[in-house]
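Engineer: Sequence:
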Amino acid sequence: HARLVHSTLHNNAAAGSGAAFRIETSAQLSVQNCILDRSSNQSTTSPNISLAGGVATFHGGLFVHPADIGIPGVPSADPLLGPLAPAGGPTMVHTPQTDSPVLDAGVSTGLLLPLPATDQTGAARVQDSDGSGSAQVNSGSVEYAAPVKVTTAVDETSNPATVSLREAVAATGAGGRVTFDASLSGALITLSSEIVIPVTMEIDAGSLPAGIMLRRASGTALRITGDRALTVRKVTFDDCARGVLAQSGAD
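The opening residue of the sequence shown carries number 1 in the numbering used here; numbering runs sequentially from there.
Hints should not be assumed to be uniformly reliable.
Stated by the list, open to error - Below are the DMTMM-like pairs computed for lysine to aspartate or glutamate, each with C-alpha atoms no more than 20 Å apart in a straight line: (1) 149 / 204; (2) 234 / 128; (3) 149 / 128; (4) 234 / 194; (5) 149 / 181; (6) 234 / 204; (7) 149 / 130.
Claimed, not checked - Label-pair restraints from in silico Cβ distances: (8) 227 / 84: 19 to 25 Å; (9) 30 / 231: 31 to 37 Å; (10) 76 / 108: 33 to 39 Å; (11) 73 / 234: 50 to 56 Å; (12) 234 / 173: 21 to 27 Å; (13) 108 / 242: 41 to 47 Å.
By construction, these hints were calculated from the structure, which means they are not laboratory data.
Quick reminder that beta carbons are idealized off the backbone N, C-alpha and C, glycines included.
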């Protein structure tokens, strides 16, 4: 009896039936909190999971892409996965986009196996990924906290009505992501001192047409500490001695 939990299967292919699994006679597969995304042999008769005499049971939190051949009783929805890319863990992963339906969509009761403490990237397994204010396990192999959005170009920590880049970085947990309000497209953020990156995270201005510019006159803008990884998207550095300084094995 095999159990598949908290996993993402993307773009699997098979010449015969069962692009994800073929379950032979007397075999049994139980699936929970998983994503089957574009895993198909493109047949009109063979589903992702082919029963060749075996038994498959589904226990919640399962998503199948509508382009695939569906599984009766399982939600058909595009999981909106990102490309295969590093995310701070030992392997590359397909991270769900921030509007993915798999965020906080897993089940946490009636579990087939104990809930793991971390996901495939090493991030804490149960977080508030959809920003609803309530933490719930994701479907699939990746868990992350909802992005923290920067709302001001001012480098400060004292205004409760706004969130600065410095505050957003400090509030972001391991594997998390910092984004920017649309009104900040093309904005210049002048830093009074370096911002320390204490955990693996992303600073992502990719949604802004003109990106973001960071300035730290003759100094370091971002300093990564420890064994951490920082991904920066659509951020440019101006008048900095170093845009990003990695120390102690950081990336």
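Engineer: Each hint: holds or not?
Structural biologist: Hint check:
1. 149 / 204: holds, 10 Å
2. 234 / 128: violated, 25 Å
3. 149 / 128: holds, 15 Å
4. 234 / 194: holds, 19 Å
5. 149 / 181: holds, 6 Å
6. 234 / 204: Answer holds: residue 234 to residue 204 is near 7 Å, not above 20 Å.
7. 149 / 130: Between residue 149 and residue 130 the Cα gap is close to 13 Å, so the pair holds against 20 Å.
8. 227 / 84: 19 to 25 Å: holds, 22 Å
9. 30 / 231: 31 to 37 Å: Holds - the Cβ-Cβ distance for residue 30 and residue 231, about 35 Å, lies within 31 to 37 Å.
10. 76 / 108: 33 to 39 Å: Between residue 76 and residue 108, where Cβ atoms are some 23 Å apart, the hint is violated.
11. 73 / 234: 50 to 56 Å: Because 41 Å falls outside the window, the suggested range is violated.
12. 234 / 173: 21 to 27 Å: Taking Cβ atoms as reference, residue 234 and residue 173 lie about 22 Å apart, which means the hint holds.
13. 108 / 242: 41 to 47 Å: holds, 43 Å
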